[in-house]
Amino acid sequence: MTRNAALSARRSGIGPVLPRAFYERDTELVARELLGAVLRYASPNGVAAGRIVETEAYLGEHDGACHAAAGLTQRTRWLYGPPGVAYVYFVYGMHWCVNAVTRAEGLPSAVLIRAIEPLHGLARMRERRGHPPRDRDLTNGPGKVCAALGITGALNGARFDRAPLSIRLGEAIPDSDAGISPRIGVSRAADWPLRWFIRDNPFVSRPATPPGTHRPRHGVHTR
DNA sequence: ATCCGGATCGCCT
DNA sequence: GGCGATCCGGATG
Numbered sequence: 001m002t003r004n005a006a007l008s009a010r011r012s013g014i015g016p017v018l019p020r021a022f023y024e025r026d027t028e029l030v031a032r033e034l035l036g037a038v039l040r041y042a043s044p045n046g047v048a049a050g051r052i053v054e055t056e057a058y059l060g061e062h063d064g065a066c067h068a069a070a071g072l073t074q075r076t077r078w079l080y081g082p083p084g085v086a087y088v089y090f091v092y093g094m095h096w097c098v099n100a101v102t103r104a105e106g107l108p109s110a111v112l113i114r115a116i117e118p119l120h121g122l123a124r125m126r127e128r129r130g131h132p133p134r135d136r137d138l139t140n141g142p143g144k145v146c147a148a149l150g151i152t153g154a155l156n157g158a159r160f161d162r163a164p165l166s167i168r169l170g171e172a173i174p175d176s177d178a179g180i181s182p183r184i185g186v187s188r189a190a191d192w193p194l195r196w197f198i199r200d201n202p203f204v205s206r207p208a209t210p211p212g213t214h215r216p217r218h219g220v221h222t223r
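Using the numbering used here, the first residue of the first sequence is number 1, and each one after it goes up by one.
Since the hints were derived computationally from the structure, they do not count as laboratory data.
Possibly wrong hints are sitting among the right ones.
[Unchecked claim] Restraint ranges, calculated between C-beta atoms of paired labels, are given here:
1) Met94 <-> Pro19: 30 to 40 angstroms
2) Asp135 <-> Gly185: 19 to 29 angstroms
3) Gly106 <-> Arg134: 39 to 49 angstroms
4) Gly93 <-> Ser187: 13 to 23 angstroms
5) Gly130 <-> Pro202: 18 to 28 angstroms
Backbone N, C-alpha and C define an ideal beta-carbon position, used for all residues, glycine too.
Between the sequences and the hints, there should be enough to build the whole structure, so can you do that?
Structure (structure tokens):
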């Protein structure tokens with residue numbers, strides 16, 4: 001790290017931008033290590049950033065829940081591209097979701113950023129999200145993250161290692177604080193444990209037990 | 001706290 | 001033609 005980078009990191013309380021090599025590894029590892037990192041987008045409209053508290057891994061063409069299961073199309077183009085780049089897609093006719101592409105060019109895999117804990121630009125995030133009563137509802141879901149930060153399809157293919165979009169090193173999350181569960185909202189490969197989240201963090205989209213699994217019953221004590 | 005339907009449209013079958 | 005890597009508001013226990 002250069003002297004300026006070190007000073008800047010100390011001033012902002014966060015570390016250097018993650019290098020492209022960070023993403024050139026197994027998708028599960030990247031998903032795990034993105035917990036605690038800081039996602040930041042400096043839109044023309046204002047800067048906003050937050051700590052990543054929930055991620056999901058999407059493994060490639062053999063993963064039925066991954067968009068790459070449909071093969072190389074216009075939509076999945078960036079999934080097949082170089083790692084460390086944003087794959088931004090549109091769902092349900094109204095929401096954007098952002099991923100970090102992983103592994104290597106030609107291996108279509110990525111990490112979905114499902115939730116962040118707001119750090120900077122709170123006023124702007126509240127505005128973009130329509131002033132929900134509770135701050136925890138600003139960014140506790142993948143569509144909300146993009147809405148709060150102002151991320152849209154215009155950022156599809158943008159690199160994460162330089163402005164205006166970046167992911168920076170944050171405080172490391174120990175294994176004791178990291179939870180794993182099946183992914184949320186998927187119908188294929190529904191039981192694959194590819195979701196990571198920071199335990200007890202209020203900005204996580206859902207607690208440890210996702211839909212499709214059996215909830216603990218009356219009188220049964222879990223945890 | 002949990003469940004359900006509606007919104008809304010690009011993408012693949 | 002059907003279905004999402006979702007969110008929200010309203011109804012119900």
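Hint-by-hint comparison with the structure:
1. At about 34 angstroms, the CB distance of Met94 to Pro19 agrees with the hint of 30 to 40 angstroms.
2. Our hint of 19 to 29 angstroms for Asp135 and Gly185 holds, since their Cβ atoms are close to 23 angstroms apart.
3. A hinted range of 39 to 49 angstroms for the beta carbons of Gly106 and Arg134 is consistent with their spacing of about 43 angstroms.
4. At roughly 18 angstroms, the beta-carbon separation of Gly93 and Ser187 lies within the given 13 to 23 angstroms, and the hint holds.
5. Separated by about 19 angstroms at the C-beta atoms, Gly130 and Pro202 satisfy the suggested range of 18 to 28 angstroms.
Checked against the numbered hints given earlier, the structure satisfies every one of them.
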